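Produce the complete structure using the sequences and hints provided.
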Amino acid sequence: QFIQFRNLDFEDNKRTCTTQFGRPFDCSRYTGDLATLNLNNGMNKAYKNKEFYSLFLSKPFGPSDEHRWNNIVMYEEGGGFWNRFDMEYSFTDNLIGTAEWNHYWGDEDSQFGQFKDSSNIQVGIRYLFD
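With the sequence shown counted from 1, adding 10 to any position gets you this note's numbering.
To be clear, the hints were calculated from the coordinates, so they are not data collected in a lab. Hints are all accurate, no fakes.
Distance windows between CB atoms, simulated:
1) S64 with N17: 14 to 24 angstroms
2) I13 with E118: 15 to 25 angstroms
3) T29 with L49: 17 to 27 angstroms
4) M53 with D96: 30 to 40 angstroms
5) K69 with T41: 37 to 47 angstroms
6) G89 with S38: 18 to 28 angstroms
7) I13 with D96: 13 to 23 angstroms
8) T108 with G42: 29 to 39 angstroms
9) F20 with R78: 36 to 46 angstroms
10) K69 with D140: 22 to 32 angstroms
11) E118 with K58: 17 to 27 angstroms
Straight line, CA to CA, 20 angstroms or less: simulated EDC-like cross-link-like pairs of lysine to aspartate or glutamate:
12) K60 with D19
13) K60 with E87
14) K24 with D36
15) K126 with D43
16) K60 with D119
17) K69 with E110
18) K55 with D22
19) K55 with D43
20) K69 with D96
21) K58 with E21
22) K24 with D43
23) K58 with D22
24) K60 with E21
25) K58 with D119
26) K55 with D117
27) K60 with E118
28) K126 with E87
29) K69 with E98
30) K58 with D43
Computed from a prediction, not measured in an experiment: that's the story for all the values here. Even glycine gets a Cβ: it sits at the ideal position worked out from N, Cα and C.
Have a look at this one:
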C-alpha cells in the first residue's frame, strides 16, 4: 500500500537577514514536521509530500482456520520503520486470545524512529457476547 500526506500549507523560503551590526544570519521560513518537530533536531523541516509504504500479510491457521496471524511492515520517507506482528487464537467461538509485538526503528528524526524505545509486546483475551 502507498500512502501520501500532502502538506497544502507547505512553505520553504530561503532568506538571509542582517543584524544591526552587519552580521548575516539565516532567517529562512519553512513548514515544520509536526510529528518530529523539536529543538534537538533543529526544528525538523516537513516534506511537501510525505510518503509511507506498507506490506500486510495475513494467514489463517489451525485445523479449520480458526486462528490467524498478521504482519504489517511500514516504511516512512525519512527513514522510519514500524513492524507489527499479531496472532489471534480462538479457544472457543466467544473466547479469543491475542498477542502482538510492535517494533519501531530507524532515524530518530522520523515519526516511527522516535518511538524506538517504545517497542512493546502485548497479550490479551477478548470475550465476544452473543
